[in-house]
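Protein chains in written order, with our numbering: chain X, 1 to 150; chain A, 1 to 317.
Treat the hints as calculated values from the structure; they're not laboratory data.
Mixed in with the good hints there might be a few duds.
For lysine to aspartate or glutamate, the following DMTMM-like pairs were computed, each having C-alpha atoms within a straight-line distance of at most 25 Å [said to hold, decoys possible]:
| id | chain 1 | residue 1 | chain 2 | residue 2 |
| --- | --- | --- | --- | --- |
| 1 | A | K52 | A | D191 |
| 2 | A | K159 | X | D95 |
| 3 | A | K52 | X | D48 |
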Amino acid sequence: MSTKIQHPVSGPARGFSLLEVLVALAIMTAGILTIAAVFPRTLEAGNDAQILSQAAALAQMKAEEIRRDNDRDNQLIDSIKNLTEPTAPVAFPHDPRLSYQFSSTSIIYTADATDPRAAPGVPRVIIRYSADYRSSQDVIYELRFDQTNH
Amino acid sequence: MSCALTRPTTDRLRRGFSLVELLIAMTIALAFLSGIFMTFFQILKTQEAAEKRLESMRNGRAAMTTLSSEIKSLNRNYNPGIDDILLIARRDVLAYGDLTDNDNDGQVDEETVNGLDDDMTSGSVTTNDRHALVGQVRERPLYYGRTDLGDKGVDEDIKFGHSFMTFRVYPSSPTPELVSKTITYAIVTYDGQPNVLARQTIIERSSGEPLVTVAPLAFGVLGFDVLYWNPNEAPYEQYWVDSWDSSAGDPAHPTSSTNATLQPPLGLPASVYVRLTLAADPSGAAAAGRKVDTVTLESAINIEQTIGDARYPRPSL
Chain X
1 MSTKIQHPVS
11 GPARGFSLLE
21 VLVALAIMTA
31 GILTIAAVFP
41 RTLEAGNDAQ
51 ILSQAAALAQ
61 MKAEEIRRDN
71 DRDNQLIDSI
81 KNLTEPTAPV
91 AFPHDPRLSY
101 QFSSTSIIYT
111 ADATDPRAAP
121 GVPRVIIRYS
131 ADYRSSQDVI
141 YELRFDQTNH
Chain A
1 MSCALTRPTT
11 DRLRRGFSLV
21 ELLIAMTIAL
31 AFLSGIFMTF
41 FQILKTQEAA
51 EKRLESMRNG
61 RAAMTTLSSE
71 IKSLNRNYNP
81 GIDDILLIAR
91 RDVLAYGDLT
101 DNDNDGQVDE
111 ETVNGLDDDM
121 TSGSVTTNDR
131 HALVGQVRER
141 PLYYGRTDLG
151 DKGVDEDIKF
161 GHSFMTFRVY
171 PSSPTPELVS
181 KTITYAIVTY
191 DGQPNVLARQ
201 TIIERSSGEP
211 LVTVAPLAFG
221 VLGFDVLYWN
231 PNEAPYEQYW
241 VDSWDSSAGD
251 PAHPTSSTNA
261 TLQPPLGLPA
271 SVYVRLTLAA
281 DPSGAAAAGR
291 KVDTVTLESA
301 INIEQTIGDA
311 RYPRPSL
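Same shape as in the complex, but just chain X (with noise of 0.2 Å):
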């Protein structure tokens, strides 16, 4: 009996009320559902890494045509080489959330001119996210392609 009367004044001996369980409840869920959003970004890492190796066949693949059907004066892959701004993304049938364009300039290795993936004048498919797929329609891959037929 005598321990009750002689508490400390910092801790009150009723134990917590359904109050309080509650708020440490509310604190411990905050806590978890912060280590589990870091979950979705490693998820989005993993099908970033899908999305990237499509890309790439997807690039290779436009470049494939348009060097299979490139006309005897060379007017189709000049075209592209001439473009002044990327040609507006078409999105491939079979995979909506990419987007191919065709352009002459670099739209990836712009940070260093003296980058030869830089230069101008050079065709290049261009791959990025659909625009309905990601709003910020990021570009995924870059590939440039030969210039002439023979």
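With chain X fixed as given, assemble chain A onto it according to the hints.
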């Protein structure tokens, strides 16, 4: 006792929880925790599935790289004295696909991979033709209004196909150890595992059994569809076909009786389209009639010799 005000001293408030309070608190805690754990395990499960998809994709990518490098450098020899290569290919279309209505038209797996809009979902492909314009020059004006891979509605919801792509190599100076070499890409059962895309090599020798080696390229491959861009029809009548025979009309290496007198001007296609459909989970059994989650990898590879040939028909714009 200043604390008497903040710390109630009646027995009812000092005794801690009642059983009812405890039960309520525990129930609430349980509800919270089970919700959290369910989300957590769901996330883990999704992540595992995503990793398997990625693994399948890597698998397919590696196989595609091997295929690309082999196809790109194919060299048909039109003159004696150099190793000759023939491409002989066909495809079986299976009766089923992934059992998913990928194009939302109420039909399941109704198309075959052939470069055509089999179910005519897109109406007129002309308006959707992705060859429309690059700058002021059309990609392929002479094909405008014709279907091709990449057009809307073409090969959207497909049955799986199993292609057999065979290269037959005849060395210019055969030895007893190497009379001819046959390389075949096909889906086989390897080491008891079905659906393995493999590269099989058969070396024919002048005596003894041929040497056979099989190298697996990718596992869980449900569809291996290959199309060939025919460069030969006059003029500019080029299109995708799903079988190819370089030996047709070739007196030096007759393996086919078709067109025995007609030697096509170009013995190899201009371009080869490869579409790999892999099970998202390679360990899961895939069978006809069972819905399966898939990943797809498609690309096209030009045969440099053909598109560089002066006889390869190119339009002038």
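Hint-by-hint comparison with the structure:
no., hint, verdict
1, A:K52 - A:D191, "holds, 21 Å"
2, A:K159 - X:D95, "holds, 17 Å"
3, A:K52 - X:D48, "holds, 14 Å"
Of the hints listed earlier, there is not a single one the structure fails to meet.
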